[in-house]
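Chains as they are written, first to last, in the UniProt record's numbering: chain A, 1 to 455; chain B, 1 to 455.
Incorrect hints may appear among the rest.
Copies of the same chain look alike in the list, so a pair counts if it fits in one copy or across any two.
[Unchecked claim] List of simulated lysine to aspartate or glutamate pairs, DMTMM-like, C-alpha gap at most 20 Å:
1. 294 x 378
2. 261 x 234
3. 261 x 178
The set of hints was computed from the structure by calculation and includes no laboratory data.
This one's a predicted model, so the numbers in the text were calculated from it and none came from an experiment.
Take a look at the letters that make up each chain.
Protein chains: 2
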Amino acid sequence: MTGPSFGARRLKLGLFVQETGHHLAAWRHPAATVDDGVSFARFHRLARLAEEASLHFIFLADTVAVRERDPAVLGRTARATVLEPLTLLGALAVTTERIGLIATASTTYNEPYNLARQFASLDHLSGGRVGWNLVTTNSDFESWNFNRDANPLHADRYARAKEFAKVVRGLWDSFDDDALRRDKPSGIFFPAEAMHTLHHEGPHFRVRGPLNLARPPQGHPVIVQAGSSDAGRELAAETAEVIFTAQQRFEDARVFYADVKHRLVRLGRRPEHLSIMPGLMPVIGRSRAEAEEKFAELQALIHPSVALSQLANQLGGVDLSPYDPDGPVPDLPETNGPKSRQRLLLDLAQREGLTLRQLALRNAGARGHWILRGTPADIADEIEHWFRGEAADGFNLMPPVLPRDAEDFVRLVLPELRRRGLFRDGFEGRTLRENLGLPRPPDRRHAAAQPEALP
Amino acid sequence: MTGPSFGARRLKLGLFVQETGHHLAAWRHPAATVDDGVSFARFHRLARLAEEASLHFIFLADTVAVRERDPAVLGRTARATVLEPLTLLGALAVTTERIGLIATASTTYNEPYNLARQFASLDHLSGGRVGWNLVTTNSDFESWNFNRDANPLHADRYARAKEFAKVVRGLWDSFDDDALRRDKPSGIFFPAEAMHTLHHEGPHFRVRGPLNLARPPQGHPVIVQAGSSDAGRELAAETAEVIFTAQQRFEDARVFYADVKHRLVRLGRRPEHLSIMPGLMPVIGRSRAEAEEKFAELQALIHPSVALSQLANQLGGVDLSPYDPDGPVPDLPETNGPKSRQRLLLDLAQREGLTLRQLALRNAGARGHWILRGTPADIADEIEHWFRGEAADGFNLMPPVLPRDAEDFVRLVLPELRRRGLFRDGFEGRTLRENLGLPRPPDRRHAAAQPEALP
């Protein structure tokens, strides 16, 4: 089944899944079911919903810490307890059949051998449906759980991440695709020349290899990247096949899109081999007024201390307590946190003359991602506008309350997108890579003959 | 359903699962199916078999490296490619209902925060059926994949392991059992006092905590330990609830058993709170002659280079190439490898006057574990003898060819054990901890009132 396309482009949609929804106060909403806590059933239901709708993937975030010092503030959020994504993905891999499965993992607080193995195993378990959202981790909270006083510097994190990704991809190529002959009479399980020992020696890692695992069904699991700073874009252009980014305005998104695609081409890659997918929180109403009301209902449930705490984290862990919440947003010092996110927030405050509290509440709903409120037709209009206007190849959907708002999107917005010929109504292939229209990296034996492979 | 017991003792049986079986040459055997490679279906079938037989658990080994330098020797084994155990356990957690699920993970090549999270998540996914086999990793092969030239020294590994286990258990107690109130009207997801920040600072780790995950259903996943050196026994007596050990002779096993139980009591723990479970490879025949024939058939399939390679690894990575394979076993220097295993092998060679090649072949079949050949009655006799004679609380079964020999054990030996009143015919509880008769560690709020908790 081939979906509609515009030139080589096809609209991609992922479902970013979370316990009770992406709105900061989702768990307090009457429509939210929060009784079952860290429940597999909830994630399984969402994955099946995405699969039945032939979305491209579900997406799992990750942090290796709680990101708030004050237990009383943390206790007002549902963010302090989450299932670990790679073990959860193992469970989803064997209880779904077609949907792509993307999980986040940090290059700063893992070792490449361990992560290469876990993603390769997940790719085997799922029959080739796994992706790795590579993050460098942008807060100090994590560092305190890993024997450090602070997160490594931004530049160091990205240098490590680049080498980390290289090692992981090298390890995935430890065996040729057809290495395992399993020939009982001769006793040859695999011929020596079908195994490749990596012998990596770099500034951050020495990894001999080989990985103790057959080559993943996709060759390499799909690589996703979420950093939007200059270093993040460059790493994405070099290594990634999907970018998850925070973009709030069409004009900014177009500039970002053009910049990343340009970098890609400069590196000898084809523009359609990296999908740019901003986060999008759709707030769907039968009328615009209903959508506004739905959103206001959620916003009213946010506790101010929680909003300010989240803003402080998104600004890279600054201490906002010295500032008047009802005064202007101060001229904050540059931190070691997520650079592009800081810029986005400070620009927004300046543009609209927001106070600290107003900025906190604006940011709170979707953690700085684009919140789109309207009727199903309004939402389809904007998606079409961004897609046709080359501001996005698709979106990572962040429904405010889950599962309710994911179900509404599938029921109300998807048919509208399909009616316009914008979205497929089935899977094109078996693997995530096939469904994203990505080439399969050749194994070491075939790599020499195919110079157009990933760098 | 309560099983039979001898005083407080009940026979425990686990099924150690592997791709094609525990015999080194299993994959070459005509009965072995090796076509599906790293296949979830195979592991799922074995887990369901164990569950239907109400065994206590399935057990997954792990190494974070291939343990052979020569690709041609490695290529003669089926050991170079295995699924990663924690992601595999995620898949098994949601596709089984009662069976315990134990996976091995190294304290030398992981960080406690990551491992605490993955095991806690698995405990949530499985409804409280998970165990962690804590190993320190005993070969240099692993170190080369983790930026090192050699494995840390034995004493350092155990010092790190002890602190690692302490941090992991502390992190599992980050939330009280009933912490998550999820009170929508007040907006209190959990009260501040129900969360406990660890603030661990030790020689090997600084981990602030808390873990970002609700307390596991079992409180703590069951802790299994596999080292049998003096340091290994001491760590087990302090932290473990199951010991997986290699014991070949009743007399030696009795001494080991008495020593470990004595250590336990000395530390204020109850002897029945740690089950001693040697590995056991049952080779089952309708007659003794058939069992011998079955075993000989497998032994004949071992390539000598593979047997010698495995022996060298079990001796701690010594280089055996200077020695004549048909000469006596040389007086080898002590290495940094698994101390108890080295001793066991050298004692065996001396006792029986074996050549290097003979020792290699003797060791090859079950990697130094006890191989028991005979009729179902013979095998039940020996199990009963070891159990009643306090040489073992049960066994970790290592069938030579899988699934065939696991099916034979369930079909032929289990009924014999049940007929003798030695083995249960159903699960006593819902969690692994309940099924092993282990106490549930109280949460921090209740710990003060229950001083008999785990140390």
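For each hint, the structure was consulted:
1. 294 x 378: within (15 Å within a copy, 72 Å between copies)
2. 261 x 234: within (11 Å within a copy, 59 Å between copies)
3. 261 x 178: neither (34 Å within a copy, 50 Å between copies)
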